[in-house]
Amino acid sequence: MYIVHLYDVPVKEFHEIEQVLTNHFVGLKKKCNRQAAKDRSVKVTVGKDPLPFTIYQVLAKEMLCKMDREFIWGRTFMIISWNLMSRSSNTAGLLYNHMDFANDAFQFYIIHQKNDQAGDKARDPKHVYANTTNPSICPILSLGIYWLMFPVDHSTSGGRLFPGTSQYERFRKLFSQRLLNDRDVLTALENNGLHVGDLGTHSIRKGSATYTSSGTTSGPSISAISLRAGWKMGTIHDTYLRYEAAGDQQVS
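Per my numbering, the sequence shown starts with residue 1, numbered consecutively.
Treat the hints with caution; some may be incorrect.
[As the list claims (entries may be wrong)] In silico BS3-like links for lysine-lysine, alpha-carbon gap of 30 Å or less: (1) Lys-66 to Lys-48; (2) Lys-173 to Lys-61; (3) Lys-30 to Lys-48; (4) Lys-232 to Lys-48.
[Unchecked claim] Quick list of simulated restraints, FRET-style, between CB atoms: (5) Cys-65 to Leu-21: 52 to 62 Å; (6) Met-67 to Glu-169: 21 to 31 Å; (7) Gly-159 to Leu-21: 55 to 65 Å; (8) Gly-219 to Ala-130: 12 to 22 Å; (9) Gly-27 to Thr-239: 34 to 44 Å.
It is worth saying that the hints were derived from the structure and are not from the lab.
The beta carbon of each residue, even a glycine, is placed where N, CA and C say it ideally should be.
Please work from the sequences and hints to get the whole structure.
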């Protein structure tokens with residue numbers, strides 16, 4: 001409308017021009033899409049790919065075998081992120097008073113989520129269980145090894161599970177620059193049709209949600225998964241489909 005006033009274009013004529021431009025842009029987008037369909041160098045997916053469960057297992061095993069204890073730290077960070085379906089920034093901010101033990105499960109409380117940025121909703125725990133059939137990705141065992149290598153010191157940690165001011169960046173560099181370029185990891189990626197650039201730290205959250213929802217034909221409800229991941233489901237769903245422990249426990 002600024003152009004209309006600037007050049008004294010009649011409103012009716014402007015709307016006609018607007019419609020013509022809209023049609024031209026639609027045609028241009030279709031033409032570009034047809035060209036992209038014939039170009040094998042064009043990436044067809046948007047953003048980073050989900051981390052496949054098979055690659056997740058390979059990464060956990062590779063980090064466990066490394067002599068550098070930095071990989072023990074990174075392995076725990078990755079496994080906790082996968083199990084909580086959380087963003088790496090949320091994992092980096094976990095405090096010990098965000099953790100609890102109830103019966104046979106660890107309970108984690110994520111204070112800031114996308115569906116509750118103001119912190120108005122009730123604090124519902126995310127349950128995490130031991131994986132006795134696959135120790136390499138067991139979150140409880142991972143935490144135990146982590147605490148052996150990095151003893152808890154509340155006088156310097158500030159109560160953080162992963163102490164430090166740049167833990168997200170620390171994990172990003174370890175994951176993207178070191179781990180994904182490991183020889184055995186590169187082989188696993190190639191066998192799964194993936195490249196290093198296809199994955200990032202957000203791939204962990206994507207992979208966890210994808211595997212939980214589609215890794216079996218009888219998985220948890222999408223409501224339980226969305227609540228676990230902290231996603232908005234729309235006003236009606238957010239009002240009537242609320243958290244219940246059993247649904248979250250099935251997700252975990």
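These are the hints, each one checked on the structure:
1. Lys-66 to Lys-48: Roughly 26 Å between the alpha carbons, so the hint for Lys-66 and Lys-48 holds.
2. Lys-173 to Lys-61: OK: Lys-173 and Lys-61 at ~19 Å, within 30 Å.
3. Lys-30 to Lys-48: holds, 24 Å
4. Lys-232 to Lys-48: This hinted pair holds, its Cα atoms lying about 21 Å apart.
5. Cys-65 to Leu-21: 52 to 62 Å: Hint holds: Cβ distance 59 Å, inside 52 to 62 Å.
6. Met-67 to Glu-169: 21 to 31 Å: Given range 21 to 31 Å: holds, Cβ gap about 23 Å.
7. Gly-159 to Leu-21: 55 to 65 Å: Check passed, 57 Å falls within 55 to 65 Å.
8. Gly-219 to Ala-130: 12 to 22 Å: Between Gly-219 and Ala-130, where Cβ atoms are some 20 Å apart, the hint holds.
9. Gly-27 to Thr-239: 34 to 44 Å: holds, 42 Å
Violation of the numbered hints given earlier is absent; every hint is satisfied by the structure.
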